[in-house]
Structure formats: C-alpha cells, structure tokens
Amino acid sequence: MDRVILHSDMNCFYASVEMLYHPELAGRPLAVGGDPEKRHGIVLTANYPAKKKGIKVGMALWQAKQACPDVVFVPPRMDLYLRFSRLARELYSEYTDLQEPFGIDECWLDVTDSVPLFGGGRKIAEEIRRRIKLELGLTVSVGVSWNKIFAKFGSDFRKPDAVTEITRENYRDLVWRAPAADLLYVGRSTRKKLATLGMLTIGDVARSDPELLHSIFGKMGYILWVFANGEDRTPVSPESYVNPIKSIGNGTTSPRDLEDNDDVRTVIYLLSESVASRLRDNHFVGDTVGLWVRDNGLYSFCRQQKIGTPTNISDEIARHSMCLFEEHYPWTVPIRSIGVRMSGLHPDEYCYQLDLFSDVKAREKQFKIDLAVDSLRSRFGHDSVLRGRMYFDRVLSGLDAKAEDHMIHPHSYFESGDRTGTCRIMENLQTYE
Amino acid sequence: MSERIGYKVYVDVDATFTSDGGLLPRSLVWEDGRRYTIDRIRKIERCASRRAGGAGIMYTCLVSGREIHLFYEENMRWFLESKL
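Line by line, the protein sequences give chains A and B. Residue 63 in my numbering sits at position 63 of the first sequence, and the numbers go up by one each step. Residue 1062 in my numbering sits at position 62 of the second sequence, and the numbers go up by one each step.
No lab work stands behind these hints, which were simulated from the structure alone. Check each hint, because a few of them may be wrong.
Below 27 Å or equal to it, Euclidean Cα-Cα: the simulated DSSO-like pairs (lysine-lysine) are [unchecked claim]: (1) A/K306 <-> A/K368; (2) A/K123 <-> A/K159; (3) B/K1043 <-> A/K192; (4) A/K133 <-> A/K159; (5) B/K1043 <-> A/K123; (6) B/K1043 <-> A/K365; (7) A/K123 <-> A/K133; (8) A/K56 <-> A/K219; (9) A/K53 <-> A/K133.
What follows is a set of in silico ranges between Cβ atoms, one per label pair, in the way DEER data are often shown [what the hints assert, rightly or not]: (10) B/I1005 <-> A/K193: 46 to 56 Å; (11) A/E24 <-> B/D1014: 22 to 32 Å; (12) B/I1005 <-> A/Y241: 34 to 44 Å.
If we take Cβ atoms under 10 Å as the criterion, some of the chain A residues that face chain B in the derived model are [stated by the list, open to error]: (13) L20; (14) F84; (15) E135.
The C-beta atom is built at its ideal place from N, Cα and C for all residues, glycine as well.
The following block holds chain B by itself, in its conformation from the complex:
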C-alpha cells in the first residue's frame, strides 16, 4: 500500500536482486492502485530529494515513455516525488 507524506509517496515495488548484488526495480504500484512497469533504468546514483524530503539511491527510470525518479531510501523503503 502506498503512503503519502507531503510530496513524498512511499510505494510498493517489485524488484530483482541480480547475481552480482545489484538491486533493480521492475514495477511499482502508484497511489491509484495501478501497477506501472519500469521499461528501462537510465541511471543509478546517490541523490537527495529536496521536494519530497529524503535521500538515498535514485533510479532514473522510463515508465510508459516518461522519465521518473524512483528513490530507494536509507530506511529501505521506495518513494516517488509527487508533482501535486
């Protein structure tokens, strides 16, 4: 279930642990309950999110042709920055 704190939305994520120890998100469930498949991961880097408030590993992903930033926070939860 997703949980919202201001502009920060914690979401459910399906992810794969790769054999070399990497962690790759495959799909996520947005607030409206719809599941979105992650088509491609463009970049993985450490980054802070000033809008949502937090820091962690930022996955720049392509979902239905649009670029989103999915964060894996230090507390082991995934969040998205909400535009609204």
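The shape of chain A in the complex, shown without the other chains:
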C-alpha cells in the first residue's frame, strides 16, 4: 500500500512572523535582514509584496533597497522564529509522531497510519493549513503524495496558503511537466548538464535511461531517476530521532576585513574556543581539523588535516587551524569570513596512543583551564573571561560564536545516509531486463 506523506512549508517564514507582529506594516514590502553595521547585511526572507518588486533572498541590503526603495528592513529575531517553529511542530504532532523537520520552516509528516482516524491525506493537509492560519497566524502550503520528493514538490507547486495533492493519476501532468530544476538536488550545474542531454523537464529525466544518467552523474544519476519517477522510499524519521553529530564547526563573517595573520589569529581563537567548548559539552574529541576561508572577493576554499592526538582543547584546535591557514593562504587579498570545524569525532573517554613528545600533564592542565572557563562563562556570560589577545581588537573579538543566532544550518536530504531504496530498485530493474 502507498504511504501518505505530507510536506508542510511555512511561506516566507521569518517575514510572515514579523508581519504578524507588525500589523501596522500590512501590505507593505518587508524584508528580514541582518545588521548592516556588522556586515551581516543580506536579506534572509522577504514577504510577497517585496518579492514582487524583485527582492530575492540572499541579496545585499543595499541591492534590495535599490530594487524597492520603500522596503522596510527588520532585524531577525531568531528566538521568536524558533518558538513559532516549535508551535507548528506541536500542532503536527497531533496528527503523527513521524515528523521530520527540513530546516526551521519545513517538515515532512508520514500520516499513513492516521488516515483512518482523520480521513485522508488531503483532509489532514487542509486541516493543518486551516489551523496554522488560525492558531499561529501564518500561512503554509502543503503537498500530499506517496513519497517525500513529490510531497515537497506539491508544497512548492501552489503557495501561499494552499494544498496540492500529487497522486498516481495526476503526477504526469503536474510533476513531469515542471522544469527539471524543480526536482530536489537539481541545482544549477546539474540543470545545465541535463539540458545538454535535452532533458528540460522532470518527465524527461523520468523517461530517460537510468544508465545514461549514471554514466554522467554517478550514483546520484540513479537517485535522480528514482526521484523523478516517484519511487523514492526514504522514510520520514520519527519525531524523537536525533541525527548523530558527525562534526562540530563554527564560522563567522567578521565585522571588518581581516588584513594580516594577527587578525586571523584573533578570529580563529574565538572560533576554536567555541568549537572546543561545544565538543566538551557533547563529550567528544576530534582528530581532524578543518578550516574554511572566504576572501573579500568571495572566493572560498577549505582545507583539512588529520592531527595525531584527538583533542577538545581550545588552544590545540586554534594552533592547528592557524598552521593550516599559514600553509594555505598566500595573502593576496583580505579575508571576509572564516570557519573552523572538527570532525573525526570520538567519545571523550576514547583511548588513544600517546606520543613520546607531548606533555600529558600540560595537556591535562590546559583541559582543566578550558573547563573552568566554560563554567565561568555559563555563569557570568561569554565576556566574563577572555584571552589577552581579544583585547587588542574588541571589534573583531566582540562576537560570541557560540551564541544561538548561529544555530540554523542547512539540511541535507541524505543526512542519515541514502535511504531512497535506489540500489534495490536498480537491482530489480536489471533482473527484469
């Protein structure tokens, strides 16, 4: 029997929440954007009137102002959005325990087993749409289908405040006629490659030879073919499911361009402290340091290196990152953003080979200092205890990298591995042939 899967997408989420809290701005173009002073100056979300005037997500605030001079900018209030996101999830949970968030504003729900209770996927979708509008004052668009990919397609098909059902009867008309780029995981370069093969619509991809796609895109080729045919079998994870942490990282765009190694060292120490502290919070040590750098021409690269002894000590992480940086950055232009990441995580009681040359006692001491700093900061705030280096430039070091406003990350459809069932489908195909 087919599953019944909903994908609920809150329309222009941040902007809609702000519209709710600013009734005086009704009908006016509004964009939620960062603080231009701190150079987090891009549009995070725009409402429909602003989008109509050409404002797009990711635009710099000044570009948005050019496109639409009467736009109102409001700074983001992450705590408020998280609250509404949680309220929406509470509401979803009245219909199913199989709900899997995809970012802060989207969610898949597997309501297969609730259908006898509430009567049909479409009916549940309509009810969710109506209740979110009434109870939270926000609009959602909901897609209903038998797989996650088409459900997501459905929620993008008609918005705002709409329900679209993709059935085995109508998917050829609705999904297959849409441009290939509307399919999850068809980005700019995949779209271009597909176009050179004459595949412009999702239907073209679905009707193509999966072996041809495989020869061009590798394993992803099969997956695209499966997606386009509605054969994706990825389950909706249960509510309580927590994705295992595979790495811990922090990045930031600094308040001013970084000009020399000293500037970079300040920011790297700041980020490393945050990463190390989060490692300790979660009882991890990591054995691979990764560094990500973007210069002010927006060119970026990342490098990573395995280190001998797994660590969660701030100073060690910072030193390794700095080494990576000095080795790989030629200082042609100033730097805009930097990120530090630890992967290769092990539990912190993990046994490892000591080497002859490192001072175990000194390391233990360092670790204890870090713990003391953690506990001071949790009681008296991040700025209560700082490294001396941070006082050279309080503008650069004024960020609290661990703060909650940095906690919204993009999600991958394959976070929990490939659960699409593609291998099995391909094997079956081959046996038929």
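Model the placement of chain B on the given structure of chain A, informed by the hints.
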C-alpha cells in the same frame, strides 16, 4: 501597568492556577486603571491575533455582559486587542 503597542495592549491580570494545571484569568486592569472582573470564560483555544499582532492562547471571556478576547502570549504576557 498596561503598555500599548499599536492595537495591542498588555495588561495586568489576576489569574488562578487550578489544581489540574489549568490557568484561568479572574480579573484585569485596563489602560484607564479600572479593574474589570471576568464573569465567565466561554472558550480557551490557541489563536493568532492579526489586529494586535501576536499569537497565543485566546480566552473568550464575559466582562460586564460583553465578550472580550484576552490573549496569553507565548512570552507569558497577557494582552487585549484594542478597538481604537
């Protein structure tokens, strides 16, 4: 003390926590400083207020024979929608 933001008026409320964990408003102090007793609570439901701007739990109450909507917002404050 009450506080007004557009059509949204935050007010002081006296409320009772019931033994089963419920929260019931008993009286409120309006902008003019007068205290109004809530005679009856007709309905309790989640609702957004588009006029005042906000969302929370809406208590439909009877005050001096008139129906009012008193909201308990997510930030743990009570507000009324003002008509003016």
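Here's how the hints hold up against the structure:
1. Between A/K306 and A/K368 the alpha-carbon distance is near 24 Å, which keeps this suggested pair within the 27 Å criterion.
2. For the given pair, A/K123 sits about 18 Å from A/K159 by alpha-carbon distance, which is consistent with the 27 Å threshold.
3. In summary, the hint linking B/K1043 to A/K192 is not supported, as the alpha carbons are separated by about 57 Å, beyond the 27 Å threshold.
4. The straight-line distance between the Cα atoms of A/K133 and A/K159 is roughly 13 Å, inside the 27 Å bound, and the hint therefore holds.
5. Simply put, B/K1043 and A/K123 have alpha-carbon atoms about 25 Å apart, close enough for the 27 Å limit, and the pair holds.
6. For a cut-off of 27 Å, the pair hint linking B/K1043 to A/K365 is broken: about 61 Å separates their Cα positions.
7. For the hint linking A/K123 to A/K133, the alpha-carbon distance of about 16 Å falls within 27 Å, and the restraint holds.
8. Our distance criterion of 27 Å between C-alpha atoms is broken by A/K56 and A/K219, whose separation comes to about 33 Å.
9. In summary, the hint linking A/K53 to A/K133 is supported, as the alpha carbons are separated by about 25 Å, within the 27 Å threshold.
10. The beta-carbon spacing between B/I1005 and A/K193, approximately 53 Å, falls within the hinted interval of 46 to 56 Å.
11. A beta carbon spacing of about 30 Å between A/E24 and B/D1014 agrees with the range 22 to 32 Å that was offered as a hint.
12. Roughly 40 Å separates the CB atoms of B/I1005 and A/Y241, a value that falls within the hinted 34 to 44 Å.
13. For the restraint placing A/L20 at the interface with chain B, the shortest Cβ-Cβ distance is roughly 6 Å, inside the 10 Å limit, so the hint holds.
14. With 10 Å as the threshold, the beta carbon of A/F84 comes within range of chain B, its nearest partner Cβ sitting at about 8 Å, so the hint holds.
15. Of the supplied interface hints, the one on A/E135 holds, with its beta-carbon coming within about 4 Å of a beta-carbon of chain B, less than 10 Å.
Comparing the model with each earlier hint shows violations of hints 3, 6, 8; every other hint is respected.
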